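First to last, the protein sequences are chains A and B.
Going by our numbering, the first residue of the first sequence is number 1, and it counts up by one from there.
Going by our numbering, the first residue of the second sequence is number 1, and it counts up by one from there.
I should point out that these hints are in silico values taken from the structure, not numbers from a laboratory.
Predicted model only: the values in this text are computed from it and were never measured.
Do not take every clue at face value.
Stated by the list, open to error - Derived lysine to any residue pairs resembling SDA-like cross-links, with alpha carbons at most 25 Å apart:
| hint | chain 1 | residue 1 | chain 2 | residue 2 |
| --- | --- | --- | --- | --- |
| 1 | A | Lys89 | B | Glu198 |
| 2 | A | Lys248 | B | Glu198 |
| 3 | B | Lys226 | A | Val251 |
| 4 | A | Lys248 | B | Lys42 |
| 5 | B | Lys11 | A | Lys89 |
| 6 | B | Lys42 | A | Leu78 |
| 7 | A | Lys95 | B | Gln184 |
| 8 | B | Lys42 | A | Val251 |
| 9 | A | Lys248 | B | Lys168 |
| 10 | A | Lys248 | B | Met479 |
| 11 | B | Lys11 | A | Leu321 |
| 12 | B | Lys11 | A | Leu210 |
| 13 | B | Lys11 | A | His286 |
| 14 | B | Lys472 | A | Leu210 |
| 15 | A | Lys248 | B | Gly179 |
| 16 | B | Lys42 | A | Ser176 |
| 17 | B | Lys110 | A | Gly99 |
| 18 | B | Lys11 | A | Thr90 |
| 19 | A | Lys403 | B | Tyr15 |
| 20 | B | Lys168 | A | Val251 |
To be verified - Some chain B residues well away from chain A (every beta-carbon gap over 10 Å; in silico):
| hint | residue |
| --- | --- |
| 21 | Ile21 |
| 22 | Gln37 |
| 23 | Arg50 |
| 24 | Gly67 |
| 25 | Asp139 |
| 26 | Glu177 |
| 27 | Thr288 |
Backbone N, C-alpha and C define an ideal beta-carbon position, used for all residues, glycine too.
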Amino acid sequence: MDTLLKEKLDIPTLSIVLLLVIIGLISMYSATYDAGASYYFQRQLLWTGIGLLLMVSVMLVPFRTLQLFSFPVYVVSLAFLLGVLVLGKTVAGAKSWYGFGTMGLQPAEFAKPATLLALAAYLSQRHVNVRRLKDLSIALSIVLLPVALIVAQPDLGTAIIYLGMIIPILYWAGASTFFLLAIVAPAAAVIAALFGTTAFVVVAILTFILFFALRENRFVSAIVFSITVLIGISVQFIYGKLQPYQQKRIVTFLNPEADPLGAGYNVIQSKIAIGSGGIFGKGFLHGTQTQLNFIPAQWTDFIFCVPGEEFGFFGALLILLLLAGLLIRGVQVASMVKNDYASIVAIGIVSTFAVHITVNIGMSMGLLPVIGVPLPFLSYGGSGLFTSMMMVGLLVNMYMNRKEY
Amino acid sequence: MNDIVDTYSRKHVFYIAVGVILLLFITRLVQLQVIYQDVYGKKSEENSVRQIPRDPIRGYMFDHNGGLLVDNRPSYTVTITPVEFDVGTIDDLARILHIDGEFILDRVSKGKVHNRFAPAKIKRDIDFETLSFLEENLDRFPGVNYEIQSKRYYPTQAKAPHLFGYTKEISERQLQETGEPYSQGDLIGASGLEAAYERNLRGEEGVEFITVNAKGQVLGAYNNGKNDVPPQEGNDLFLTLDRDLQAFAESLLTNKHGAVVALDPSNGGVLALASKPDYDPMLFSGVTPSEVWTSLNADSGKPLFNRATLTRYPPGSAFKMVLAAAALQEEIISTSYRVQCTGTFQFGNKIHKDLHVHGSTNAVEAIQKSCNVFFYTVMLKTGLERWVRFAREFGFGSPTGIDIFEENPGLLPSEEYYDRVYGKGRWTQGYLVSLGIGQGEIGVSPIQMAGYAMVLANRGQYHQPHVAASVKNKSSGPMTRLQFPARTLNIKNEVWDILREGLYRCVNVPGGTGGGARVPGVVVGGKTGTAENPHGEDHAWFIGFAPFDNPRIAICVMVENAGFGGTFAAPIAGLCIEKYLYGALVRYRAPRPVAATQPEIPAQE
């Protein structure tokens, strides 16, 4: 029995996730200790319970059924995204919630696994070849459709997650480096152009070298390169035309610390929290930054600074290692499964988690701009936790069926 | 899918990527927590900067001559800073402020979650007695203080409560939904211009920075207040309103139920918009006791209801020009077309009556004398579809878009409407007959009717009615003119000639029904309406404009349950026109006032 269970269940994944969830609950308790801890903590506890149930249910769905229902589930999730624009409750200026009394659901969260499944189902079809422009465009559209609906809410943070996860998936599915570069280069040009002309020139030169090192058709390379440069230049041009207050918004987005008492306030406080934690931390419920809630609503996106402050370097390191372990294990699962669909689903889950983790922790430590993205398993919120747990369920499901073709 | 042949190498790319990011993050952790631990540790220990929001002053409103209409006066708000508050004092405080202890506790704990160092607003606009008592005893109540805020004050006789609207404390729901920086206890525009131009009027919150130690005690201002951002005063609204005309129109409606809307035909600007019964806007400027709310809501005169934009009454004969325009423009009838009015009109077995026997009548005379038989006949010839199409052109059946939110689109009964209400094929052309004279299932509001008067005054030029003309940004200086859409109706000049000839005769030629609107020395054009209604006396309507050839004012007057439009609405319109064009009532100064004030006995409709 024991060995059978070991054979079937993905023990490493499940134990890592369980540990992360427990650390999340401890952080939550501390972060909300003063602001009515019992309320937030109990709700998160309830959601953890439901999340575990969801995870197990997803684990048990027959593999073929999953594959068969990938597209229908995707269509339904699109319908929910469309519906929320009409029926949604407005919170902080964005229509991204379905409200049920004191509960709310964010369809953009649930659409993440749905989009993944549809993308995997499409890419794993025998006749699909992502080296062909047409097939690549269809694959991109599967992701861009929900992105458009999410941008309309507007919820840019979540939209960025979708865009970030598609590159590794396409790479895994065998897309040519050239195509991927053609997608990434203009985006990089936009960001670089906003940072300044020097950054933009560096990116442009890098792009140029990479394009011609790949030895694709010179003509196509030249066109894509020109487009990249053109986009960069027009961004600088548009930036010059913006009102000073709009320019200021972009500057503080890219470099929050330029506005220490405005947009940079949270980041500075977050860095103080983490930094002052030192090697061993200030102890549970003894973090002054956390307990005096210097960071508004810390229990959502800035949750990482709670263990950072109260459990110090070792606490934060443990979380980083657990998260990295989960990602590594995900890549292992994606490589060991025999079925293409399962492999892409697994790598998609890894990518989604990876983007969340990078953006969130990078923001908390002042390495990346402030984008409202939750940290999987730790941040407060039902929709996010449910989605993460379901994705873990999917990953384990793929592992359990690793021998199927 | 072609190949995961090179999965092996791709796998390693992923491993490397995860490794690189992990390494980067660990390096950063070491940097923050090991190398600079003492720096950050000191920062977190010694002090920390907290932000306290500071409320801006709401923008003012001025009339078109720059006269102040909506002003601010100081008001005192009691606040509690959660971190310093002693819960033991809650009962005493509740007694002094005459509010519930539970309420105070709720406000304080909500404020605590948000920002425990920022004063939470507990009670707005306390009276002077409470203020002085509190001030003497502040040391007994740690954390309790008061802030000077502003409340609205209306310095002139132009009260226009439905137009200016009022502000209210932001609700929890609004607080959650808004993406703007509001906090609990802040005021937000709840109706009228206050709501429509909230973003302009509110201004920008300022921030004060204070220093707090690790125990959560406030140490004082951060950096001597050098970093504080003062709140930015709200933008001022410059309205199209004419202060004197507004006040005058309100006074003319005293003890009546009705509305007056006057527009500037050159741009659609609202010169006056009065609705009575109304309420004193000062009632809502501080804290509105619930008794006041209850009594205003229960009042049978519905003082909160803006009759100028929210009513949906049939317009009666004042609507006849729509049908005349449709029939003439579509060449259903010609200018020489005549109907023999015998005083009755039979359709099927139903007999519709006219009040007079007008004899042989053409379009101009039918407008002048308000002949019903003429319009019954023409309605059947023109048909519902054309009538609806032209009525839409004149601005009926949809909101005018006036820049206050509260507006009723009215009702134009189309074929689908009748199909829905009576069932397909279960209604006849006979239902339409009364629409021709503006009766039956048609509903319009005075603002729509004023827009219609403007179109008639302008020979087809329609401007979207609006109250705000420009917004002045007090910090950056410039005045931004607001733009509102305009359009021109596609109707021939000859048709306008006929309609306007009718409107001229209706007021100025004996036998017309609108003589009551005459103004000495000015030619007025207009049309009366008397709308039957099942709840008592008829509603009196008048629409008109002046001077006839170069209109500077277009007006609609509606008086509920008054009687004939010519008797009860037209004189109000005449007085308003006179007041606006002369700046005063000249008829009493005229050498022979009797002649001027004695309007023709209005012919009955």
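Hint check results:
1. A:Lys89 with B:Glu198: Holds, at roughly 21 Å.
2. A:Lys248 with B:Glu198: This hinted pair holds, its Cα atoms lying about 24 Å apart.
3. B:Lys226 with A:Val251: holds, 22 Å
4. A:Lys248 with B:Lys42: Cα-Cα ~30 Å, so violated.
5. B:Lys11 with A:Lys89: Since the Cα atoms of B:Lys11 and A:Lys89 sit roughly 42 Å apart, the hinted pair is violated (cutoff 25 Å).
6. B:Lys42 with A:Leu78: Violated, at roughly 50 Å.
7. A:Lys95 with B:Gln184: holds, 21 Å
8. B:Lys42 with A:Val251: violated, 29 Å
9. A:Lys248 with B:Lys168: violated, 32 Å
10. A:Lys248 with B:Met479: holds, 23 Å
11. B:Lys11 with A:Leu321: holds, 19 Å
12. B:Lys11 with A:Leu210: holds, 22 Å
13. B:Lys11 with A:His286: violated, 42 Å
14. B:Lys472 with A:Leu210: violated, 53 Å
15. A:Lys248 with B:Gly179: The hint holds at about 19 Å.
16. B:Lys42 with A:Ser176: Roughly 51 Å between the alpha carbons, so the hint for B:Lys42 and A:Ser176 is violated.
17. B:Lys110 with A:Gly99: Given pair B:Lys110, A:Gly99 holds - Cα atoms ~21 Å apart, limit 25 Å.
18. B:Lys11 with A:Thr90: With a Cα-Cα distance of about 42 Å, the restraint between B:Lys11 and A:Thr90 is violated, given a limit of 25 Å.
19. A:Lys403 with B:Tyr15: Cα-Cα ~23 Å, so holds.
20. B:Lys168 with A:Val251: violated, 36 Å
21. Ile21: violated, 6 Å
22. Gln37: At roughly 4 Å from the nearest Cβ of chain A, B:Gln37 sits no farther out than 10 Å, so the non-interface label is violated.
23. Arg50: violated, 7 Å
24. Gly67: holds, 32 Å
25. Asp139: holds, 25 Å
26. Glu177: violated, 4 Å
27. Thr288: The assertion about B:Thr288 holds, with a minimum of 26 Å to chain A.
Checked against the numbered hints above, the structure violates hints 4, 5, 6, 8, 9, 13, 14, 16, 18, 20, 21, 22, 23 and 26; every other hint is satisfied.
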